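Just need the whole structure built from these sequences, with the hints factored in.
Offset between the sequence shown (1-based) and our numbering: plus 153.
Hints are computed from structural coordinates only; laboratory data are not their basis.
Please note that a few of the clues may not be correct.
[As the list claims (entries may be wrong)] With beta-carbon atoms standing in for the labels, derived distance ranges:
1) Phe265 - Gln183: 21 to 27 Å
2) Gln256 - Phe196: 20 to 26 Å
3) Met280 - Lys212: 36 to 42 Å
4) Gly270 - Ser211: 41 to 47 Å
5) Ala241 - Asp193: 19 to 25 Å
6) Pro180 - Ile258: 17 to 23 Å
[Stated by the list, open to error] Result set (DSS-like, lysine-lysine): computed pairs, CA atoms no more than 27 Å apart in a straight line:
7) Lys194 - Lys212
8) Lys223 - Lys271
9) Lys164 - Lys194
10) Lys223 - Lys164
11) Lys208 - Lys223
12) Lys164 - Lys271
13) Lys285 - Lys194
A quick note: this is a predicted structure, and the numbers were derived from the prediction, not measured.
Ideal Cβ placement from N, Cα and C applies to all residues, glycine included.
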Amino acid sequence: MGREQLVGTWKMISDERHTEGEEVFYPFGQDVVGQLMYDDKGFMSVNVTRRDRSKFASKDRGDYTPDEAKAAFESYLAYFGTYSFDEARGAVIHHVVSSTFPQMIGANNVRFFRFSGKRLILSPPPMTVDGKQVTGYITWERAE
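The structure is reproduced here in structure tokens:
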């Protein structure tokens with residue numbers, strides 16, 4: 154298994170988070186839309202959004218309410234940068250150059266991976282949310 158298996162464009166199938174109590178939640182809803190790209194030079198980008206995003210009342214790009222801006226921000230995540238491949242750990246590391254979420258800038262996002270047919274399943278390291286351990290399973294399918 155080599156880095157070349159990651160190279161290409163992937164469309165998001167699902168983004169599920171499982172708590173230690175086996176609750177399942179979907180940060181961007183069950184009908185999520187996303188695209189992940191890895192190139193052969195080591196660059197990557199990801200875009201994830203809710204399919205049911207609300208439109209602004211105005212068609213003018215600079216004319217929106219604070220509530221509309223908040224809803225737009227909360228329903229979309231994008232970042233880009235470079236990536237490295239750690240075959241021994243079964244991980245790809247996203248080195249974030251810029252993001253819609255400023256705290257991610259400069260981060261090294263570890264994603265453990267496994268392949269299942271045309272699908273790529275990425276899992277960030279478990280994290281604690283509201284006192285519960287949460288594990289994510291982000292499923293992508295190779296775009297054709």
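Here's how the hints hold up against the structure:
About 23 Å separates the C-beta atoms of Phe265 and Gln183, a value consistent with the hinted range of 21 to 27 Å. Hint check: Gln256 to Phe196, Cβ distance near 22 Å, so the stated range 20 to 26 Å holds. Look at Met280 against Lys212: about 39 Å separates their beta carbons, and that is inside 36 to 42 Å. In this structure the hint that Gly270 and Ser211 lie 41 to 47 Å apart at CB holds, the actual value being about 44 Å.
Between Ala241 and Asp193 the C-beta distance comes to about 21 Å, which sits within the given range of 19 to 25 Å. Restraint check, Pro180 to Ile258: a C-beta distance of roughly 20 Å satisfies the suggested window 17 to 23 Å. Distance check on the hinted pair: Lys194 and Lys212 sit about 38 Å apart at the alpha-carbon level, beyond 27 Å; violated. Annotation: proposed proximity of Lys223 to Lys271 is violated, straight-line Cα distance about 35 Å (limit 27 Å).
The hinted pair formed by Lys164 and Lys194 meets the criterion: a straight-line CA distance of about 20 Å does not exceed 27 Å. With a C-alpha separation of about 25 Å, the suggested pair Lys223 and Lys164 falls inside the 27 Å cut-off, and the hint holds. For the given pair, Lys208 sits about 12 Å from Lys223 by alpha-carbon distance, which is consistent with the 27 Å threshold. For the hint pairing Lys164 with Lys271, the CA-to-CA distance comes to about 11 Å; that is within 27 Å, so the pair holds.
With a C-alpha separation of about 38 Å, the suggested pair Lys285 and Lys194 falls outside the 27 Å cut-off, and the hint is violated.
In terms of the numbered hints stated before, the structure departs from hints 7, 8 and 13, listed from lowest to highest.
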